[in-house]
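K.L.:
Chains as they are written, first to last, in our numbering: chain A, 1 to 131; chain B, 1 to 131; chain C, 1 to 131; chain D, 1 to 131; chain E, 1 to 131; chain F, 1 to 131.
Hints in this document: simulated from the structure, not taken from any laboratory. Among these hints, one or two may not hold up.
Repeated chains share a single entry, so a pair holds when one copy, or any two copies, can fit it.
[What the hints assert, rightly or not] Within a straight-line C-alpha distance of at most 30 Å, the following computed DSSO-like cross-link-like pairs (lysine-lysine) qualify:
{"no.": "1", "residue 1": "Lys91", "residue 2": "Lys38"}
{"no.": "2", "residue 1": "Lys91", "residue 2": "Lys53"}
{"no.": "3", "residue 1": "Lys7", "residue 2": "Lys121"}
{"no.": "4", "residue 1": "Lys121", "residue 2": "Lys38"}
{"no.": "5", "residue 1": "Lys121", "residue 2": "Lys6"}
{"no.": "6", "residue 1": "Lys18", "residue 2": "Lys7"}
{"no.": "7", "residue 1": "Lys18", "residue 2": "Lys53"}
{"no.": "8", "residue 1": "Lys18", "residue 2": "Lys121"}
{"no.": "9", "residue 1": "Lys91", "residue 2": "Lys7"}
{"no.": "10", "residue 1": "Lys91", "residue 2": "Lys6"}
{"no.": "11", "residue 1": "Lys91", "residue 2": "Lys18"}
{"no.": "12", "residue 1": "Lys38", "residue 2": "Lys6"}
{"no.": "13", "residue 1": "Lys123", "residue 2": "Lys91"}
Number of protein chains: 6
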Amino acid sequence: MSEDLKKRTAETAALYFKDVEGEVPYRIWHSFDPELAKEFSLFITGSIYSREKLPHPTRQMVAVASLAALGAVEELSLHLQAALNVGVSPKELAEVIFQVGVYTGVPAMNRALVTLREVLKLKGLWPPDRG
Amino acid sequence: MSEDLKKRTAETAALYFKDVEGEVPYRIWHSFDPELAKEFSLFITGSIYSREKLPHPTRQMVAVASLAALGAVEELSLHLQAALNVGVSPKELAEVIFQVGVYTGVPAMNRALVTLREVLKLKGLWPPDRG
Amino acid sequence: MSEDLKKRTAETAALYFKDVEGEVPYRIWHSFDPELAKEFSLFITGSIYSREKLPHPTRQMVAVASLAALGAVEELSLHLQAALNVGVSPKELAEVIFQVGVYTGVPAMNRALVTLREVLKLKGLWPPDRG
Amino acid sequence: MSEDLKKRTAETAALYFKDVEGEVPYRIWHSFDPELAKEFSLFITGSIYSREKLPHPTRQMVAVASLAALGAVEELSLHLQAALNVGVSPKELAEVIFQVGVYTGVPAMNRALVTLREVLKLKGLWPPDRG
Amino acid sequence: MSEDLKKRTAETAALYFKDVEGEVPYRIWHSFDPELAKEFSLFITGSIYSREKLPHPTRQMVAVASLAALGAVEELSLHLQAALNVGVSPKELAEVIFQVGVYTGVPAMNRALVTLREVLKLKGLWPPDRG
Amino acid sequence: MSEDLKKRTAETAALYFKDVEGEVPYRIWHSFDPELAKEFSLFITGSIYSREKLPHPTRQMVAVASLAALGAVEELSLHLQAALNVGVSPKELAEVIFQVGVYTGVPAMNRALVTLREVLKLKGLWPPDRG
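I would like the entire structure built from these sequences, with the hints used as guidance.
P.N.:
As structure tokens, this is what we get:
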């Protein structure tokens, strides 16, 4: 079962964070404490993200909504990339951020839109189709 | 077109907030400034929520993720009820909140779970099927 | 000079917080540490609020804007009362909060409006003239 | 009336944000969604800022107090510039930030002072007259 | 090893949270998802709190400082009780909160002091010796 | 007594902030208002930090826990350096931050770990002994 958890963790991590730009949190955890880094990773990616209770695109929109609200731009960038990796469109991501702006106010919304623009530029998807 | 906006606003408000418990924000706005209350409502419910760019269940999970991150328990309660109204299941709502806990930490996650429990009790859906 | 600071502190405290409902922070500080309570009070009310660099009504609107943004409803209630004590009108207070809503999002704005409603009820000023 | 709103929006935007340095939020909104950008702008600048319920210098001090509390340095920079544009003095802006420090703590106060220093340097107003 | 983790988790939970008033987070997690509740508990109490890298009194002061900064009053109450359980004195707890006030501002400091007062009353330790 | 306060303030400031990299807050306060800067410094460093109610290493861990929770990276950097100056080890600082991650979520924890890595590099203490 523990082997199964490790396998699911690796698969989900590959699905989400393949080719992302930016420092993947695992690396900074590992540089301070390799054992704890492994536990964090198995817990978050394995025990949470891999549960088949929400489809991956929904999980990523949930992550984007929450990270935009928190102003956590580094992790927001990682999850915007993960969202594109699992098939969420740039337009849907912008729409999530515009909606979140109602709850967080304009400055947090702007910061998230700027982060999305950076991610789309990185992926060669800028300017977005605005139709 | 303005008539169309008003119609969509009313329809979306009815869909989301029918029979909710708690003070709907429109009422407090209206008690201070009826004109501005109308503009807020047309802007948020009409110009944002009614756009057909995200399905309503996704919009509500986005709201829940963001409001849980902000610790905004009154609005969280309203949107948990709205989420149930558009077909999101109690289990999916708990899963959104558990995932958001990774980004917000345990205290904000606990507060959101307590709010969800109150909403489920109110709706006669407590205890949840935990299978 | 220290006597002068004490005098200004007492005068400004009387001007702002006369007859307010709610626990004045000085009392909780004093119950833990009377000496530090005195220093906090001289510093905040004396060295900051008593400086003649901003008119008192402006100071109170600054306090309201900042406390509404922080969601600090207890202190917000005290400073809404202080604002009324120095001549800010209920309409101006509502307007400050509506504007702050742009930066903080709707939930923080709603919480501040609810706090203002409570203060106005307490003062016999509810419902407000909405003309 | 809608024409009137557009006119007031344009006038207020010109008054506040003439010659500001930094990305005006309208541009990032527009790059994602031109129609929604127009609605945001009419709502915020037209329906909120243009209401003649608070004098423009007070509005800008309210913005500064709230944005300093939120740590929203990009928008804080824009509104510090807008405040100078409508006649608020550098000393008054520093005083607003020092007062806000009581409610937000020292780190948020420092961040806001550093932002003010950058704005004053940009405008050739640094070092401030500290008399 | 997993048995060892379970044993340490149970011991540390007993040490910290024996006889606390308030809802222990495990119960709300468990009501939604017993399996995930167990993993959360093993991760937080077992893998973090039980590591012998910080003495228990230090761990609890770290928890108090962080939870006071976040305004998380429910968890703050639990950890103030846990701090008393492992030998931190009421005076030291007040001092931690006064210091945190420098970083968080007065409203968050006041909220934490009020929470500490409630805990001390609950434990029959109020009023504190202020010598 | 006032002389005594000045002396203690100077001694504690020297102990904590000797040779730190980054802008010490006193300088930015002083550039806006020399008189207020002195009062802030006497209040924070003199009246709070110099009280002999908590050992200096504990004070610095409290500061780190609170500043990590607030995401105040500039002040966090200063207090991580101060913590090393009074004998807290890199491992203990990492452990404080990992624990705080439980309450603040992963993004704030990551930001604090990145700040700690920068401080340790600055001091020639990177990579840490992870034994």
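K.L.:
For a quick check of understanding: which of the numbered hints are violated here, in increasing order?
P.N.:
Of the numbered hints given earlier, those the structure breaks are 3 and 5, listed in rising order.
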